[in-house]
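Novice: Whenever a hint applies, use it, and build me the whole structure from the sequences.
Protein chains: 4
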Amino acid sequence: MSEINVVVAGASGKMGSEALRMIKKHAELNLVACIDMKHTGKKVNEVEGLPNFEAKFYNDIDLCLTEVNADVLVDLTSPKVGFKHTKAAIVHGVRPVVGTTGFTPEELDELTALAKEKEVGAVIAPNFAMGAVLMMQFSKLAAKYFPDIEIIEKHHDQKLDAPSGTAVKTAELIQENRQSKAQGHPEEQETITGARGANVDGMRIHSVRLPGLVAHQEVIFAGPGENLKIQHDSFHRESFMSGIKFAIDHVINMKELVYGLEHLMLD
Amino acid sequence: MSEINVVVAGASGKMGSEALRMIKKHAELNLVACIDMKHTGKKVNEVEGLPNFEAKFYNDIDLCLTEVNADVLVDLTSPKVGFKHTKAAIVHGVRPVVGTTGFTPEELDELTALAKEKEVGAVIAPNFAMGAVLMMQFSKLAAKYFPDIEIIEKHHDQKLDAPSGTAVKTAELIQENRQSKAQGHPEEQETITGARGANVDGMRIHSVRLPGLVAHQEVIFAGPGENLKIQHDSFHRESFMSGIKFAIDHVINMKELVYGLEHLMLD
Amino acid sequence: MSEINVVVAGASGKMGSEALRMIKKHAELNLVACIDMKHTGKKVNEVEGLPNFEAKFYNDIDLCLTEVNADVLVDLTSPKVGFKHTKAAIVHGVRPVVGTTGFTPEELDELTALAKEKEVGAVIAPNFAMGAVLMMQFSKLAAKYFPDIEIIEKHHDQKLDAPSGTAVKTAELIQENRQSKAQGHPEEQETITGARGANVDGMRIHSVRLPGLVAHQEVIFAGPGENLKIQHDSFHRESFMSGIKFAIDHVINMKELVYGLEHLMLD
Amino acid sequence: MSEINVVVAGASGKMGSEALRMIKKHAELNLVACIDMKHTGKKVNEVEGLPNFEAKFYNDIDLCLTEVNADVLVDLTSPKVGFKHTKAAIVHGVRPVVGTTGFTPEELDELTALAKEKEVGAVIAPNFAMGAVLMMQFSKLAAKYFPDIEIIEKHHDQKLDAPSGTAVKTAELIQENRQSKAQGHPEEQETITGARGANVDGMRIHSVRLPGLVAHQEVIFAGPGENLKIQHDSFHRESFMSGIKFAIDHVINMKELVYGLEHLMLD
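Chains as they are written, first to last, in my numbering: chain S, 1 to 267; chain C, 1 to 267; chain R, 1 to 267; chain G, 1 to 267.
Since the hints were made in silico from the structure, they are not lab data. Some clues are possibly wrong.
Identical copies go unnamed one by one, so any copy, or any two together, can satisfy a pair.
Straight line, CA to CA, 30 Å or less: simulated DSBU-like cross-link-like pairs of lysine-lysine [stated by the list, open to error]:
#  : residue 1 : residue 2
1  : LYS169    : LYS144
2  : LYS42     : LYS144
3  : LYS159    : LYS43
4  : LYS255    : LYS229
5  : LYS38     : LYS255
6  : LYS255    : LYS43
7  : LYS84     : LYS181
8  : LYS24     : LYS80
9  : LYS181    : LYS24
10 : LYS56     : LYS80
11 : LYS144    : LYS14
12 : LYS24     : LYS14
Specialist: Below, the structure is given as C-alpha cells:
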C-alpha cells in the first residue's frame, strides 16, 4: 500500500488525539499537519499528551493545505468549523473524512455537488464505530421480518439526554422497514409510570444510565418462540478509529461524497 | 429417604398438573389423592393430560384428609380456597406447602399461630422458583454496596401489568438496604417520555414485553468502573417444581410455618 | 390474499403437528391432506393432540396429490422420504416447502433441475427459524470487518454433539468473509485443557450445555474498543413456523427451487 | 467522619496512581506520603500523570512511618515488598490495606498473629472489586441449590492464561458447596476438541479472549426450566478503588487481620 498524507483538524480534542494515536500505529499513514486554534506554530510533540510527531499545528486551513502535500483531511471539529474545512479541502483536492452529526441537508447537498464537480472523494459520517454502523443496518434489515422490537440502550450516568441519539437513529432506520404496530397487550397497564419505556410508533426504547458503563445498545427482535438480539458495546472511543482508518483507505479511490459509513460497508 | 405421602390441590390446573409430573419423577413421593372441583370421583389417570396415577380426586378437603394417610398437602389453588385448605391441613396434622401471593397479613398471622399451636410445619411462598428467590435475596444483599441500580424485566407480550410483581418485590427488598438516591445526571432529560423507565425512589425499572419471551429479569448494580448483574430466566413453569420439592423435603421436619422459601435456603 | 391449499407430510411428528397448529391460525391456509405412515385413513381430528381439521391422512403421496387439489406440500419427514416426496410434488405441480439438512448435493441438483423444467417453485431449507437465518447471514456480513470472532452456543443438556450444527454452519459462513487469523495472544496457555474452546481457523466456539436451556447462540465480533454481538434465542419449536409460513407465501409465485431461506429474505 | 491519614506504597504504578486519584476525591482522606523506589524525595505533584498532592515520596517504609503521622498504609506493590511493608506497618501501629494474591499461607499466618498481638487492624485481599467479590460469594451460595454450573469468562486478547484466576477461584468456592456431578449428556461428544470447555469436577469453564474487552465473567446456574446468572463486568481498574476505600473505612476500627473483602461485606 502506498503512503497517505493526512492532516488532522481538531487534533488536540479527545477524538482528535485518539486519531493521532491511530495514525501512529499505521506505517502507511503520514501525519503532515494538524489544524487547531490552540497550538498554532507548535509541533505536535510539543503538546502534552499527544504522540511524538514532527508535524506542525496550523490555524488556517487554506494556508495549511497550500503549504503541505496532503491526501486526506480528517476533520473532528464542530459542525460549523467542519463545514468550512470540508469545503476548503475539496477545493484543494484533498479528500475530507468528517465525523459529525451536525451538517444540515442543505450543507450536505452543497458539499455533495462540490465533490462531484471537483471529482474529489469525501466521507462524512455521524458514526465511525463500525460495529455501531452494522448494528443499525442489521436492525433495519431485521425489522422487515420482526415488527415486535424493543431497544435497550445503556450509557454512563453523566449523559444528559434519553433516549440516546443512536437509539433514536436506530428506531428511524427500523421504521423504514417495520410494519407499524402497537406492541404489547392492548390492555397492558403501567402500575408505575414509564415502566414500558418510550413509545416510538408502538416500538419501545428503554434508557439505562449507570456509572461504570460507557455506550451500549441492544435491539431485540421477537417472533413466536424466538428472539434475535443485535448488541453493540463501545468500551472506549478508540472504537471510532477503525472506521476512520477504513474511510481513509476508501476515500483515496473515490470521486464523490458518501454520507454514512454503511454505504462503504454494505452496499 | 423414607416415603412421603402427598395430596395435591388444584391438580388439574397448569401448576397442579406440573406438580403431578414432578411427583412422578421422584420415587420417594407418593401421590395419595388430589383435590379439585372438576373431577371428583375420577382417578388421576382417567383425566386427559395428567400422568398415570391411581390416586382419586376429592372435592372436600376434610373428607380427603380423613380417608387418606397424607404427610404433605401441596396447594396450588386460589388464595381463597388455599386459605381454607391450609387451615384444614394443619388441623389434620398434614403439612401444607402453598404457592400463593394472595394471603393477607391477618391470614398469615392466623395460620402461623395455628401451625405453632399444632406443631405442624408449613411453607407458604409467593415464588417457588429457587433461582428467582436467590436473585431477589442476592439483590437485597448487593444493594448495600451499590446504590445505583436498574431492573430490566422481560415477559411475553400477553402480560397485562408493568412492572411485573417480581420486579416490584425485588425493588422493595432492595430498598431495605439501599441508601436512597436519585440516579442519573441531575439534569438528564427525556426527549421521549418514559425512556428512563419507572422511578422507584430514584432506582429505575424497565419492562420489556415481546412474543417468544417467558419470564426474565436482570438486576444491574453499578459502581465506578464495574457492573454486577444478577439475572433470572424462567423458560418454563417446570422451574417452580424444584422449589416445591425442596419445600416438601423440608416441611416434613419442621414444626412451624415459614413464609418465603428464602428462609429455608439462606438463613 | 387468495387461499392456499396445503398438504403436510410428517404431520404427526413434533414439527409436523406444530405446522398444523400454525395452519390453524391462518385463515388463508387450507389443510387439504396429511401424509403419514401411522394414521392412514383417519381424519386429523381423530388423532389425539392434533388440531381440529377434517383433512384425511394418506400414506401414498401420489394418491394424495391425485385426489386432493393442493398448492403446496410442507414436508417435515426424514431426508430419505422427503426426497421422494419433493420429487413427486414437483411432478404433480405442487410446490414443496421442505425442512431438512439431509439432502446430498446430487439430490439438490436433481431437484433444482426438475423444478426448473416443470417451472414449479420449491423452497428447501436447513433452518426455518427466521431469526437464526438472519443471525447467520449478519454474521457472515460482519466477518468482513471484524476478524476476531468467538461463538458461544448454549443448548439443553440432552444434546449429544458439540459444537451444534448451527454453530458449525455459522463458522463456515463466517469463513467465506473472514480474513484468516489466529486469535488471542500468541503465547496464551490453557492451564486447564479446553478452556479456550474449539479452534476453527483461529476462531473459537464454546458449547454450553445446561438444563433449562433450549437453543441459543451468540456470535461476538470484536475490534479495538468495541464488540458487536448477534444473538439468537429459540425458546420453542414454534420458532420454525413463521419461516414455513413465509416460504409458503413466497413459493406460490416462484418458478424454481431455492435452497436456504436467506435467499428469499435478504437477496 | 474524622480524617484519615494515608500512605500509598507503589504509588506510581497503574493501581497506585488510581488509588491517588481515589484519595483526591474523598475530602476525609489525607495523603501524607508515598513509598516508591523511583521518585524518592520528589513531591507527588512533581511526577507526570499523578494528581496534585504535596505529599513526598519515600523509599524506606520505616523512615516514612516514623516521619509522618499515618493511620493507614495502602500497599499496591509486589508480594515480596508488600510483605515487608505490611509487617512494618503493623509494628508501627499503622493499619495496612493490601491488594495481593501472592502471600503464602505461612506469611498470612505470621501477619495474622502479629496483627493480633499488636491489636492493629489489617485487610489483605486478592480482589478489591466489590462486584467481583459479591459475584464469587453469591456463586458459592447458589451452588448449594444448582449443581449444574458453567462459567464464561471474557478478557482482552492480551491475557496469557486461560481460565482466568478469578474463574478458577470462583470454581473453587463453588466446589465447597456443589454436589459433585458430571454435567451434560453422558454420551455427549466433541466433534471439535475443546468445544465443551475446561472440565473442573464436571463443571465447565469457557475462556473468551477478544480485543475491546476488559475483564468480564458470568456464572450460570441451571435447573429444570430456569437459569440464574451472576455476571461481573470490570470496565476499568477504577473498579478496585471502591473496595480499597471500603477497606480503609473499616480497618480503622478493627483490631485484627482479615483476609478477603467478603468477610467485611457479607459476614
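Novice: Now tell me if each hint is right for this structure.
Specialist: Going down the list of hints, with the structure as the test:
1. LYS169 <-> LYS144: So LYS169 and LYS144 pass the 30 Å test inside a copy (17 Å) and across (24 Å) alike.
2. LYS42 <-> LYS144: neither (54 Å within a copy, 40 Å between copies)
3. LYS159 <-> LYS43: Classified as neither: same-chain Cα gap 34 Å, cross-chain 36 Å, threshold 30 Å.
4. LYS255 <-> LYS229: neither (37 Å within a copy, 34 Å between copies)
5. LYS38 <-> LYS255: The answer is neither: 33 Å in one copy and 55 Å across copies each exceed 30 Å.
6. LYS255 <-> LYS43: For LYS255 and LYS43, neither the intra-copy (32 Å) nor the inter-copy (57 Å) Cα distance is at most 30 Å.
7. LYS84 <-> LYS181: Result: close neither inside a copy nor across copies, 43 Å intra and 42 Å inter.
8. LYS24 <-> LYS80: Cα proximity of LYS24 and LYS80: one copy only (28 Å, versus 38 Å across).
9. LYS181 <-> LYS24: This pair counts as between: shortest inter-copy Cα distance 23 Å, intra-copy 49 Å.
10. LYS56 <-> LYS80: Within. Shortest intra-copy distance 23 Å satisfies the 30 Å Cα cut-off; inter-copy 47 Å does not.
11. LYS144 <-> LYS14: between (38 Å within a copy, 28 Å between copies)
12. LYS24 <-> LYS14: Intra 16 Å, inter 23 Å, cutoff 30 Å: intra and inter.
The earlier numbered hints that this structure contradicts are 2, 3, 4, 5, 6, 7.
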